[in-house]
Amino acid sequence: MACFGSCLTCPVAYSVLTMAAIGARRIYKKPIQKKRLVSQLIFLFITNAAFIFGVTGLIYSYFYCWEAPQATMSCPIGILEHAVLESSIFLAIYLVGTIATIGTIFGRAPCGWACPIGFLQDLVGKIKVEREIKRSRVDKRARYIKYAILAAIPFAVHYFATMAYTDICPIGGLTATLPILLFHYSSYTPTKFFLPKMILLALTIVLIINVKRGWCRYLCPVGAMLAPFNKISALQLTFNEEKCLKCMNCARVCPMKIDLPYDTKSMECIRCGMCVDECPTKALKLEFKWR
Amino acid sequence: MRKVVAIAMAFIVFSVGFHFAYEKSKLLNESRCLGCIALLPKASAFKGFWVEYPTFFHKKGSPALPDWLINESRQHVIMLFFWYKGCDPCKAQWDDMVKAGIVVGSEENGKMAANYSNVSLITIDIVNDERANLLKIFTPAKSTPSTPTTVILFTTNQTYWYAFSGKADGKAGRPSIEQLKEIIREAIEWHASARA
Numbered sequence: 001m002a003c004f005g006s007c008l009t010c011p012v013a014y015s016v017l018t019m020a021a022i023g024a025r026r027i028y029k030k031p032i033q034k035k036r037l038v039s040q041l042i043f044l045f046i047t048n049a050a051f052i053f054g055v056t057g058l059i060y061s062y063f064y065c066w067e068a069p070q071a072t073m074s075c076p077i078g079i080l081e082h083a084v085l086e087s088s089i090f091l092a093i094y095l096v097g098t099i100a101t102i103g104t105i106f107g108r109a110p111c112g113w114a115c116p117i118g119f120l121q122d123l124v125g126k127i128k129v130e131r132e133i134k135r136s137r138v139d140k141r142a143r144y145i146k147y148a149i150l151a152a153i154p155f156a157v158h159y160f161a162t163m164a165y166t167d168i169c170p171i172g173g174l175t176a177t178l179p180i181l182l183f184h185y186s187s188y189t190p191t192k193f194f195l196p197k198m199i200l201l202a203l204t205i206v207l208i209i210n211v212k213r214g215w216c217r218y219l220c221p222v223g224a225m226l227a228p229f230n231k232i233s234a235l236q237l238t239f240n241e242e243k244c245l246k247c248m249n250c251a252r253v254c255p256m257k258i259d260l261p262y263d264t265k266s267m268e269c270i271r272c273g274m275c276v277d278e279c280p281t282k283a284l285k286l287e288f289k290w291r
Numbered sequence: 292m293r294k295v296v297a298i299a300m301a302f303i304v305f306s307v308g309f310h311f312a313y314e315k316s317k318l319l320n321e322s323r324c325l326g327c328i329a330l331l332p333k334a335s336a337f338k339g340f341w342v343e344y345p346t347f348f349h350k351k352g353s354p355a356l357p358d359w360l361i362n363e364s365r366q367h368v369i370m371l372f373f374w375y376k377g378c379d380p381c382k383a384q385w386d387d388m389v390k391a392g393i394v395v396g397s398e399e400n401g402k403m404a405a406n407y408s409n410v411s412l413i414t415i416d417i418v419n420d421e422r423a424n425l426l427k428i429f430t431p432a433k434s435t436p437s438t439p440t441t442v443i444l445f446t447t448n449q450t451y452w453y454a455f456s457g458k459a460d461g462k463a464g465r466p467s468i469e470q471l472k473e474i475i476r477e478a479i480e481w482h483a484s485a486r487a
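Same order as they appear, the protein sequences are chains H and V. Residues 1 to 291 (our numbering) are what the first sequence spells out, left to right. Residues 292 to 487 (our numbering) are what the second sequence spells out, left to right.
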């Protein structure tokens with residue numbers, strides 16, 4: 001897919017505008033959320049703007065496929081896989097450095113403010129809110145799956161000597177396989193991994209429709225990379241207990257269902273600021289703390 | 292202060308990685324591993340070797356065949372194999388060629404099997420080999436350069452070639468592994484008779 005030279009025929013423009021329209025109508029009404037919508041739209045565009053910026057060697061600090069038709073940066077999981085496959089220590093250092101730099105400054109904020117898959121979940125997660133899972137024990141345990149996936153990737157890649165995760169990655173299916181097939185459906189035939197990829201994609205879509213931020217909570221290995229940095233990042237969610245009315249509005253609106261208002265350093269917090277917007281006394285704040 | 296130190300340390304690690312691995316990351320990003328997203332490109336069925344770009348190829352933006360390749364292909368039939376580590380269809384294609392007795396060894400250090408000793412094999416790792424830009428020459432117009440791509444090429448009075456991307460599975464225009472053997476045999480005969 002190339003740039004057609006006209007926004008009227010540009011699929012990227014249509015996807016950005018559609019998501020902007022849905023977003024503006026649905027959940028982005030409060031002050032921080034309006035800023036977040038702008039940020040997500042800008043990053044959705046930058047992520048898919050190779051026709052302007054060209055293909056770079058930078059690494060996304062969120063989950064997106066580098067095989068997407070207009071991907072500008074490299075997939076962090078793809079870099080991890082190549083680092084293992086080619087025993088490339090510098091690729092590993094580059095990946096760790098990228099994630100650590102973003103992580104120490106912003107924590108897991110890229111999940112809430114930049115990731116196009118997170119944006120998609122924000123939009124579709126509103127379709128069936130009433131089905132929000134209440135099984136807290138299952139929910140809490142299932143959150144460790146993403147860490148297990150991240151830990152398993154290097155071993156699987158080494159054992160199978162292929163891009164073991166990429167082969168079945170549902171996000172790759174959504175952002176690369178389907179768009180490429182859509183524009184050049186007659187030029188390609190599927191491999192043996194096509195069906196597993198599409199089944200996993202369908203299951204992922206079912207998950208994110210039924211569970212708010214289901215992908216981020218349970219399955220995203222990039223989220224798992226960024227999560228520990230929430231403990232030390234400069235961007236922090238702060239809580240002033242003296243101002244708190246215990247209305248628990250924050251806990252109600254939190255898309256990641258963390259134990260607000262107390263667990264402000266939770267590894268699951270994506271710094272989306274919904275709790276800050278909802279707090280009637282401004283007891284919760286999203287601010288940079290450099291000390 | 293500890294946070295600033297942590298950020299500074301992270302940035303130093305990033306800078307080191309950026310300095311040594313940016314170009315490699317860019318090359319990886321530019322390389323299209325269609326197999327990784329479960330797709331294989333369709334190919335044009337073999338109906339004889341090409342001397343010019345067929346209608347579904349476009350020469351625009353493609354580099355010309357380099358002199359070293361033309362010179363070498365005067366001496367031998369050349370089989371070019373474009374691949375990279377982690378490309379699932381590349382591995383499958385290579386393993387099939389090993390099983391079929393076309394090549395021996397691994398992609399990195401592979402050679403033609405004894406039956407094809409008069410064919411010269413050149414394997415090109417598109418991430419680490421400077422000759423990777425050759426792949427553009429053998430990529431159809433509506434496709435992106437992708438691995439694996441296999442090319443049979445020889446030069447007599449002019450350069451003859453046939454290329455296909457993806458696995459030799461006999462589907463979607465791609466030759467089967469037996470057809471590939473037949474194509475190589477035809478190239479050897481043609482090349483030998485022209486030299487004679």
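The set of hints was computed from the structure by calculation and includes no laboratory data. Keep in mind that the hints are not guaranteed to be accurate.
Derived DSS-like pairs: lysine-lysine, alpha-carbon spacing no greater than 25 Å straight-line [claimed, not checked]:
1. V:K462 to H:K192
2. H:K192 to V:K294
3. V:K294 to H:K289
A few chain H positions that, by computed beta-carbon distances, are all more than 12 Å from chain V [what the hints assert, rightly or not]:
4. A71
5. L85
6. L95
7. I99
8. S136
9. R137
10. A142
11. I149
12. S187
13. T191
14. K192
15. Y218
16. M248
Think of the CB as a built atom: it goes at the ideal place given N, C-alpha and C, for glycine as much as any other residue.
Consistency of the hints with the structure:
| no. | hint | verdict |
| --- | --- | --- |
| 1 | V:K462 to H:K192 | holds (13 Å) |
| 2 | H:K192 to V:K294 | violated (47 Å) |
| 3 | V:K294 to H:K289 | holds (8 Å) |
| 4 | A71 | violated (7 Å) |
| 5 | L85 | violated (4 Å) |
| 6 | L95 | violated (7 Å) |
| 7 | I99 | violated (9 Å) |
| 8 | S136 | holds (32 Å) |
| 9 | R137 | holds (34 Å) |
| 10 | A142 | holds (26 Å) |
| 11 | I149 | holds (17 Å) |
| 12 | S187 | violated (6 Å) |
| 13 | T191 | violated (5 Å) |
| 14 | K192 | violated (8 Å) |
| 15 | Y218 | holds (23 Å) |
| 16 | M248 | holds (30 Å) |
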